[in-house]
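Chain by chain, the residues:
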Amino acid sequence: MSDTSHNYLNAKKGLWSWLTTTDHKRIGILYAIACGAFFLLGGILATFVRTELGAPGETILGQDEYNQVFTLHGVVMVFLVIIPAIPGILGNFVLPLQVGANDVAFPRLNLASWYLFMAGALMAVCGWLFVGKVDTGWTFYTPYSSGASNAVLWLTSAVFVAGFASIFTGLNFIVTVHKMRAPGMTWNRLPLFTWAIYATAIVQVLATPVIGITMVLLFLEKLLHIGIFDPALGGDPVLFQHFFWFYSHPAVYIMILPAMGIISDLMGTFSRQHVSGYTFIALSSVAIAFLGFLVWGHHMFVSGQSALSSIIFSMLTFLIGIPTGIKVFNWVATMYKGSVWLKTPMLYALMFLFLFTIGGLTGIMVGVLAVDVHLHDTYFVVAHFHYVMMGGALIGLIGGLHYWWPKMTGRMYNEKAGVIAAILVFIGFNLTFFTQFFLGSKGMPRRYHDYSEFLETFPEFAALNMTSTIGSYILGVGLVMILIYALYSLVRGPRATANPWGACTLEWTHTETVPDEHNFHDTPLVTRGPYDYHLADDVFGPKKES
Amino acid sequence: MISADTTLKHYFVNHEQQFDAAKLGMWLFLVTEVLLFAGMFVAYAVYRAWHPEVFLQASELLDWRLGALNTIVLLASSFTVALSIHFVQKGENRKVLVLLLLTLLCAAIFMVVKYFEYTDKFSHGIVLGAGFDPHGIIDGKDYSKYNVPYAAQFFSIYFVMTGIHGVHVLVGMGIFGWLATRVARGHFSPQWYTPVELTGLYWHLVDIIWIFLFPLLYLI
Ligand code: HEM
Ligand SMILES: [Cu+2]
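Here the protein sequences line up with chains F and R, keeping their order. The opening position of the first sequence corresponds to residue 1 in our numbering, with each subsequent residue numbered one higher. The opening position of the second sequence corresponds to residue 1001 in our numbering, with each subsequent residue numbered one higher.
Treat the hints as calculated values from the structure; they're not laboratory data. The structure presented is a predicted model; accordingly, all values stated were derived computationally and were not measured. Certain hints may be false.
To be verified - Restricting the straight-line Cα-Cα distance to at most 20 Å, the calculated cross-link-like pairs of lysine to aspartate or glutamate (EDC-like) are:
#, chain 1, residue 1, chain 2, residue 2
1, R, Lys1145, R, Glu1060
2, R, Lys1121, R, Glu1060
3, R, Lys1114, R, Glu1092
4, R, Lys1009, F, Glu517
5, F, Lys442, F, Glu456
6, F, Lys343, F, Glu415
7, R, Lys1121, R, Asp1142
8, R, Lys1009, F, Glu453
9, R, Lys1009, F, Asp522
Taking the hints into account, I'd like the entire structure generated from these sequences.
As structure tokens, then:
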């Protein structure tokens, strides 16, 4: 493989060719750059938040600044990183390759989605920087938001615009999976990553319009005082919460389902084993997608919704645990009797398994009506959702990026650096967030910039917060290290081979090391399932003895 | 034949696949549109359930005759669109052009009627949001009697729903204009007429949403 080989990276040259590309692989890279930048921004903001809380009393941020910083942190991380990242980066890059298509069904719409996303992102960041600071939290609850500064208008429009990007991406993937599979790529031969992205796409298409209209109504409420959500005008703030969570609970599955898909592929590849319970994993994604629409009320147990609806929402919430559990048990079963190969991506898969299980189980805990009345709005909830969003979704993404890195760039990263960074991330993450379970169960409220007033009753808050802050620095070091060795590998990394992990799915077996602009030289003919290692000898030789 | 075939994109195997993909994409888009409006219908249902008397009373201020006229106009336009698809499949492009222009005309009539409805409301203090202050006497109705709590909510919902629906009509007009120029330049044939078909689907949805809005807002 020399640099002169013809591939999607060098097929056309110049910045302009990237900004006008309709190649799904290049669009994936565009998302990677954008989401990476936003992740850096969100991470810096998080460091401010943790530093403020590191010691009691006001340290680096005043009360208002603190509120503004965590709001922007939440908005950036949720709407600009975790929701778009996996579908945008890996979904775009990998999904068409995995189904054996030459591109997504609507390539121009795909590029348009990226621009919409960037427009939304610019509105959010510029609005915050230049128009005014928002301190409503990422949930924009009325009446905070209807009374907040006009920059809320910018943020809500941003969410609206970025929402359309998400809708169009989802639409593209659904049509691609339905209509553009290669000959022989039957539904039960779809790789589990593709299944997961497909289920996610359904949620994106069905849930996002609701947040869209909610943001329009909030916008009008703020601008013209239409009295739908603002209690001062006779509106109903709880209605806003219903609308918001009708989207935002399903949105947590937009975040986690793709990561689950990555983990399934990693488990198969690095255990050298047919993924156990393939059908169950595939269909549980779809089940989660649908059940996810029925549980939004569990964010509103203390909002004044009726007791009956709270009980129903609580019970439905438990149901979600079933398909989630099915996945976890099948992943474990895949490793059992497989020959597990502990490369960096697999380390992240294991980390996901561990962290996500904690996150999911604590989710069930806060889903218990009586328990949540105590834990709502404490650090326990903060810890819960960081375990699922960061420990789950983001760790899945990082694992996936390591896995597909050779395919995207044609280079390998330094394995040793990868392992060290993974260990730092794991330690840092748990120090940061596990302590918050203790803090929360003792009653430390979220969204406070100072906790000195509690110290008299709970002197341990000081030490716990300090530990959490130190953990966040370790986490930060681990993440920065990944960034550094990734960039280094782009320039100096050794060249990869076409299928360095010995995987069985089309993107590894039927493309060049770095795929051609049009993906496949000949349309692949699929004759086996995605994890049928025993049938794949033709592609990469007989299975190695370990 | 193959060399002239510029309408088949390289990433599709054949026209059938391309057409199916486009159509599925459009259906999904329509689903998102339905959900967008569903949010507003829910807001309507909630406020109506809480304040049924106010909604009944406030809806008297909307002129059902104008609403009915617009319903007929939109239904007619759905019919002309359906016919245009029929004729484009037969390759009778002159008829297609006429029908598309007729549809455009219907949509324009709809918007003109809406314009008069809106301005009439505005001039009597019925506006979206904080300035809500009905006054004056029209058709023997004393508007100031309607200045009751939650009447403002009714009209907020009315303006937002019909407003967003109106935006969809405007977008539709733009697309029909664009389609008409393409028909005039002979871009479509019985082998390839996807944009006409998809626009038709879109337009039917715009029509159906109005069919729900009209009775909910004007009649009950
Ligand atoms: C087994 C699965 C899960 C269950 C049963 C569950 C349950 C819950 C419950 C009941 C709450 C509300 C707690 C409160 O506010 O008092 C909550 C909050 C939250 N969950 Fe989960 N959850 C699950 C998975 C996830 C996943 C996968 C994510 C994201 C990837 C997530 C993200 C969040 C977020 C962001 C919040 C806090 C929202 C806020 O108030 O700012 N959850 N979860
Ligand atoms: Cu939830």
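Quick rundown of the hints versus the structure:
no.	hint	verdict
1	R/Lys1145 to R/Glu1060	holds (12 Å)
2	R/Lys1121 to R/Glu1060	holds (12 Å)
3	R/Lys1114 to R/Glu1092	violated (34 Å)
4	R/Lys1009 to F/Glu517	holds (15 Å)
5	F/Lys442 to F/Glu456	holds (13 Å)
6	F/Lys343 to F/Glu415	holds (8 Å)
7	R/Lys1121 to R/Asp1142	holds (13 Å)
8	R/Lys1009 to F/Glu453	violated (66 Å)
9	R/Lys1009 to F/Asp522	holds (17 Å)
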